[in-house]
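K.L.:
One letter stands for each residue in the lines below.
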Amino acid sequence: MKALTELEQDALAEVFNIGVGLAADVLSQMVNENVRLSVPLVELTSQEVASTQFHDRENRPLCAIRQTYSGEVTTDAILMFPEENSLELVRSMVGSDIPLEQLTEMEQDAMAEIGNIILNAVISQLSNTLGLSFEGSLPEVNMVTGDTIFADFGQAAGLGGQASVLMLTIDFELSRRQVSGYLAFLLDIPSSEKLIARLDRFIHG
Amino acid sequence: MEQVATAGKLLIVDDSKVSRMRIRAFFSAQCPAWDIQEAGTGDEAIALASTFRPDYVTMDVNMPGMSGFEAADLLLMYNPAVRVVMLTANIQESSRKLAAVRHIGFVAKPPTEASLTQALKFLLGA
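Protein chains in written order, with numbering that gives the first Met the number 0: chain Y, 0 to 204; chain U, 0 to 125.
No lab work stands behind these hints, which were simulated from the structure alone.
Quick caveat, the model's predicted, so the values are computed rather than measured.
Don't take every hint at face value.
[To be verified] In the DMTMM-like style, the derived pairs of lysine to aspartate or glutamate whose C-alpha atoms are separated by at most 20 Å in a straight line are: (1) U:Lys16 with Y:Glu139; (2) Y:Lys193 with Y:Asp9; (3) U:Lys16 with Y:Asp96; (4) U:Lys16 with U:Glu43; (5) U:Lys16 with Y:Glu100; (6) U:Lys96 with Y:Glu134; (7) U:Lys16 with Y:Glu87; (8) U:Lys96 with Y:Glu71; (9) Y:Lys193 with Y:Glu42; (10) U:Lys8 with U:Asp54; (11) U:Lys16 with Y:Glu104; (12) U:Lys16 with Y:Asp108.
With the rest of the complex left out, here is chain U (with noise of 0.2 Å):
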């Protein structure tokens, strides 16, 4: 995939500090322009993106306090255009269903090139 040339900013938010780092060192890599902030937790994700306003977000499912749906719903809730993609472990089909009757990305972890590729594309709308 082509590097991203437009300027935008993403939220990654996971509870693993080993997961944020290899997201993180993807989307640098291929999107130089984006303006990039991590949160640990679904709390810390609605508190940030209060100040930060994210276009992308990257999101856990099972992490402490509230979960990654739920936090996604506050996002969204905040701002319809963010462009959420799930990014998660939990693999089972009812997360499927879960993220697919809210219309945003599901991508199964590990944070591969492949896997962080395929939330990209969903996060540009290719």
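For reference, chain Y alone in the conformation it holds in the complex (with noise of 0.2 Å):
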């Protein structure tokens, strides 16, 4: 696997960052308050290094809202909460006044329908600035912990032990709920390698 030159390691950071931004405005509009970002750190590495720096950031159960995006460059995108938020976001999201067990019935639905929008709305700001068009899978949900969810779903994806991962950690929080996220985009090796050469086209014009 390639290595990212500095200057690609910040290109990839830049247009992360503002498809980032882009998510959080999004976020922030559909639960009703702001949303804090950290600065993305992006990360090219095998899947085994991300599950172990992963695993020691994050052990708590996560819902995990998958969605493979095909193209030119596939790459499966997770977006992922702590389990405990889960319930929490979806009352923000449909507001207070439902009942506890209408909530519950709905927050697979819920979840799956606030990754479809902040994942589509990263990955399009991908698009548009590298030029890449993507088919989206439909979403799907899956309970997960920190040191299983690279191995899982490189499986799931067909991808073996031996994709990359884009690992791009974002911590962001509604300040108001103690809601915590990450996101995370899973590549082959191919992929990795066109992504590369397109961020190459975009850092020289």
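Mind assembling these two chains? They're in different frames, but the hints should get you there.
P.N.:
Structural data, given as structure tokens:
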């Protein structure tokens, strides 16, 4: 796997930074409160290293929303929230006057839609900036843990253990609710190389 | 925006129940005389449209089965006068272009008061 140059790393962070900014704006509109963002940390690494690093950072059960985006570059985009926060997120989205029973019923649907909107915001920004076109799958919602997430999703996407992980770690926090989340993108080696080639074209005009 | 007093029929097409709920709540408040029905897929929308005959449609893009653009094409083929607005998270330039060549509306999700007002204005030709 080709390592990113400093300039490529910087450009990728910037492209995702804009995409995540857009996603944060979208999330803020959905839940009606400010969303604080950390600076995105972009790493192109192996699934194994990503799993270890991620588990060190987050070991709570997670609600993960995954969508596969296919095209010249194919990627599995994953949005993760601690499972304990998901009902709270749904409540902020649909309003507090919905009874708990009904809220629980629509939790899966609402999480899928939150993922769909946020992941599409980031991917669309990537598409528009790098001139790539993507076809998105429908969102899938799963409960996972930090130590298995990349292996599980890599396997589900037929990537085996060899896939690169473009790990975009961003902590976003809904200030009033103490909800944080993470984003990650899994790419196989050919897709990583194509992404880097597009990035080089973007850097050098 | 002032309430719309005239009657009309709106079909909301979205595979997300939560989104349908939010879209319905907005249009029910803003257009109290409108008859509103919902479909969870493009196929359901086509089946429902033959009896419901909507004047207005809000359409998601990524849904199980046919895409929102395919469904919009069929609805427009059956009734070229129907006003369709795509209401979608897929805000890639390529999606915007697909809407533009069809002369249909394009509004980015999430369904908020601002985005739905934009959709309503398009539907009314305002």
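K.L.:
Given the hinted pair Lys16 (chain U) and Asp108 (chain Y), is their alpha-carbon gap at most 20 Å?
P.N.:
Within the cut-off at roughly 7 Å; holds.
K.L.:
For the pair supplied as a hint, Lys96 (chain U) and Glu134 (chain Y), confirm whether the alpha-carbon distance does not exceed 20 Å.
P.N.:
Since the Cα atoms of Lys96 (chain U) and Glu134 (chain Y) sit roughly 14 Å apart, the hinted pair holds (cutoff 20 Å).
K.L.:
For the pair supplied as a hint, Lys16 (chain U) and Glu139 (chain Y), confirm whether the alpha-carbon distance does not exceed 20 Å.
P.N.:
holds, 15 Å
K.L.:
Holds or violated: Lys8 (chain U) and Asp54 (chain U), Cα atoms, limit 20 Å.
P.N.:
holds, 5 Å
K.L.:
Please verify whether Lys193 (chain Y) and Asp9 (chain Y) have alpha carbons no more than 20 Å apart.
P.N.:
Cα-Cα ~17 Å, so holds.
K.L.:
Straight-line Cα separation of Lys16 (chain U) and Glu43 (chain U) no greater than 20 Å?
P.N.:
holds, 14 Å
K.L.:
Is the straight-line distance between the alpha-carbon of Lys16 (chain U) and that of Glu104 (chain Y) 20 Å or less?
P.N.:
Given pair Lys16 (chain U), Glu104 (chain Y) holds - Cα atoms ~11 Å apart, limit 20 Å.
K.L.:
Holds or violated: Lys96 (chain U) and Glu71 (chain Y), Cα atoms, limit 20 Å.
P.N.:
Distance of about 19 Å is within 20 Å: holds.
K.L.:
Within 20 Å, alpha carbon to alpha carbon, are Lys16 (chain U) and Glu100 (chain Y)?
P.N.:
holds, 15 Å
K.L.:
Hinted pair, alpha-carbon criterion (20 Å max): Lys16 (chain U), Asp96 (chain Y). Please report holds or violated.
P.N.:
holds, 17 Å
K.L.:
Sort out whether Glu42 (chain Y) lies within 20 Å of Lys193 (chain Y), counting only the CA atoms.
P.N.:
holds, 16 Å
K.L.:
Starting from Lys16 (chain U), check that the Cα of Glu87 (chain Y) is at most 20 Å away, please.
P.N.:
With a Cα-Cα distance of about 18 Å, the restraint between Lys16 (chain U) and Glu87 (chain Y) holds, given a limit of 20 Å.
In this structure, every one of the numbered hints holds.
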